[in-house]
Amino acid sequence: MANYAHPEVLVETDWVKQHLGKPGIKLVEIDVDSKAYAAGHIPGAVGFNWQTQLQDQLRRDIISKTAFEQLLGAAGITPDDTVILYGDNNNWFAAYGFWLFKIYGHKDVRLMNGGRIKWLNETDKELTTEVPQITPTQYRASGPDLSLRTLLPELLKQQPNQTCNLVDVRSPDEFTGKVIAPPGMTETAQRGGHIPGAKGIPWSTAVGANGTFKSADELRAIYLDKNAVDPNKETIAYCRIGERSSHTWFVLKYLLGLNNVKNYDGSWTEYGSIVGAPIEK
Amino acid sequence: MNHQTRVYDNIFELLPTEQNPTPLVRLNQLNPMPGFPLYAKLEWMNPFGSVKDRAAWALLRDLEERGLLTEGRGLVEPTSGNTGISLAALARARGHRLLAVVPNKVPQEKKILLKIVGADLEVISDELCPAPGLGDGSINLAKTHAKASPQKYVMPNQYENAKNVEAHYTTTGPEIWRQTEGRITHLFVSLGTCGTVSGTAKFLREKNPDVKIIAVQPTEGHDVPGLRNVAQLGVSKLFDAALVDDILEVDFRLAYTRAVELCRHEGLLAGPSSGLIFEGALEIVRRDQHGHGVMIFPDNIFKYTSNLVKHIPELGAGLQP
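Sequence order for the protein chains is A and B. Numbered by the working numbering, the letters in the first sequence go through residues 27 to 307 in order. Numbered by the working numbering, the letters in the second sequence go through residues 5 to 325 in order.
This is chain A alone, in the form it adopts within the complex (with noise of 0.2 Å):
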């Protein structure tokens, strides 16, 4: 598949169709608007809320590694499932729920190339509102792998493009201190621009006009060659609250198998907070 280095990490929607309700294939809808999968998801699939089920919600964190096996047991996964995640917005939350499955060590999860929108506009593909029946597992985690991700303290040790590529995938508004945040949004920070450093490549650049990721040349030309990153170092991505930057870490480690990558989850709505860092605009 368009020579990836880890082409068994992504699905195309055609194989997902082929695949439906066969054993030890699962299907896990995360969309950013939480409408999405009421109105109409694909035959099989269970709806994850990335507000209320991926995140904790007494401490700012990515849920505890039982509250992950508690929601994978409800959904009536096994740690031996092929599980495939799929979402709106070009797979956004569906790429932070890759993210969140590899931390808590699930060995076969991926993700279907082009998100709901390319299900929902192939004529042969169905829709249904109808939520399956689930017959909950005991499903126990492994982890937390946390070379996938980067925390404040680490990050601020870190002198970008010297000891680490620094990847900021947001709008070139935000990256620039234009705006804060997309407009609409609740999380924001304190300040706009950028962490010192960092090179701006948002996200939506390495995907294609029909939202589906584009080829490793390309993905190479884009990242490697034109941005400079030097894949011999470690890279962090970071965008406002690390669903983006999930996408552009799921882009790096898997489709260009850089070998040391991580999602900073914090991102702009924690460094953009902090008293006394430095920023650039």
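Calculated from the structure, these hints are not laboratory results. Backbone N, C-alpha and C fix where the C-beta goes; we use that ideal spot for every residue, glycine too. One or more of the hints may lead you astray.
To be verified - One-sided and incomplete, this derived list gives chain A residues near chain B with beta-carbon spacing under 8 Å:
1. A65
2. G66
3. L146
4. E148
5. L153
Take the given structure of chain A and dock chain B to it, following the hints.
Frame of chain A; chain B shown alone:
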């Protein structure tokens, strides 16, 4: 029906045709070029208040004729307001229901109007971050309903349905040709679904290939409901670049100031999209100096008071004792 007596058996008889056109009114104060008269086609004189009556009626009739509106199945449509108002009013008057999927940025007046005329409303967050392939949240949610619940919903899809173009080919175009006695040299329109521009331009070009079609668009990041700029046009399958001579981009804030000028100096209660079209027409009138222009004014100002106050703060001053 006899429009001279203005007595009708039902509201549908008021819908525009070549024999019952919306009015064309000449601008007398704000046009600086006497050799280039400009006429406004007042689409708010349609029975449900906007140019969208034309497409809504064509879409609805098509669904009825194809037997797609049955007991228990209504319509679902993404709309920034006007199509929804026309479609809901027409549908309810004929015994059908409409679920309107509306972006949150649509002015409150329009949302309430949708409910008044009997639409069911689903309001969704606006687009979060410009991206390829995303389309438009309201379009995708409406499509999802139609695909997942076909027993409840059928989606006319104004963005892709050729009936939208045909409505203007059979009404707006012939009306203008007849009202100007074939003298029209320039047509000024805005772009949304692109049904108006494609259908009207196709008819006028067949009558006179030299008629210039000028599309006026708001700048990116605009706040003019119903319109799209070049970057947003991908969602419409009805746009035909071969039918457009010029695409002008106008600072969207001028849509509001020009609309108020039209209200105050011409007595034309033009809404912001009309203001935008008028600004584009002024640019061409100065450039070409001679001609006979028709501007399609999509709707009037009444639904936009809250947007107007936002962009022209003076209007919000002195409202309290």
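Quick check on the hint: L146 of chain A CB to chain B CB, less than 8 Å?
holds, 6 Å
Have a go at the G66 of chain A hint: is there a Cβ in chain B nearer than 8 Å to its own Cβ?
holds, 3 Å
Would the hint on E148 of chain A be counted as holding, given a Cβ-Cβ threshold of 8 Å to chain B?
violated, 10 Å
Identify whether the interface hint at L153 of chain A stands, where standing means a beta carbon of chain B within less than 8 Å of its own.
At 4 Å from the nearest chain B Cβ, L153 of chain A passes the 8 Å test, so the hint holds.
A65 of chain A as chain B interface residue, shortest Cβ-Cβ below 8 Å:
holds, 4 Å
Comparing the model with each earlier hint shows a violation of hint 4 alone; every other hint is respected.
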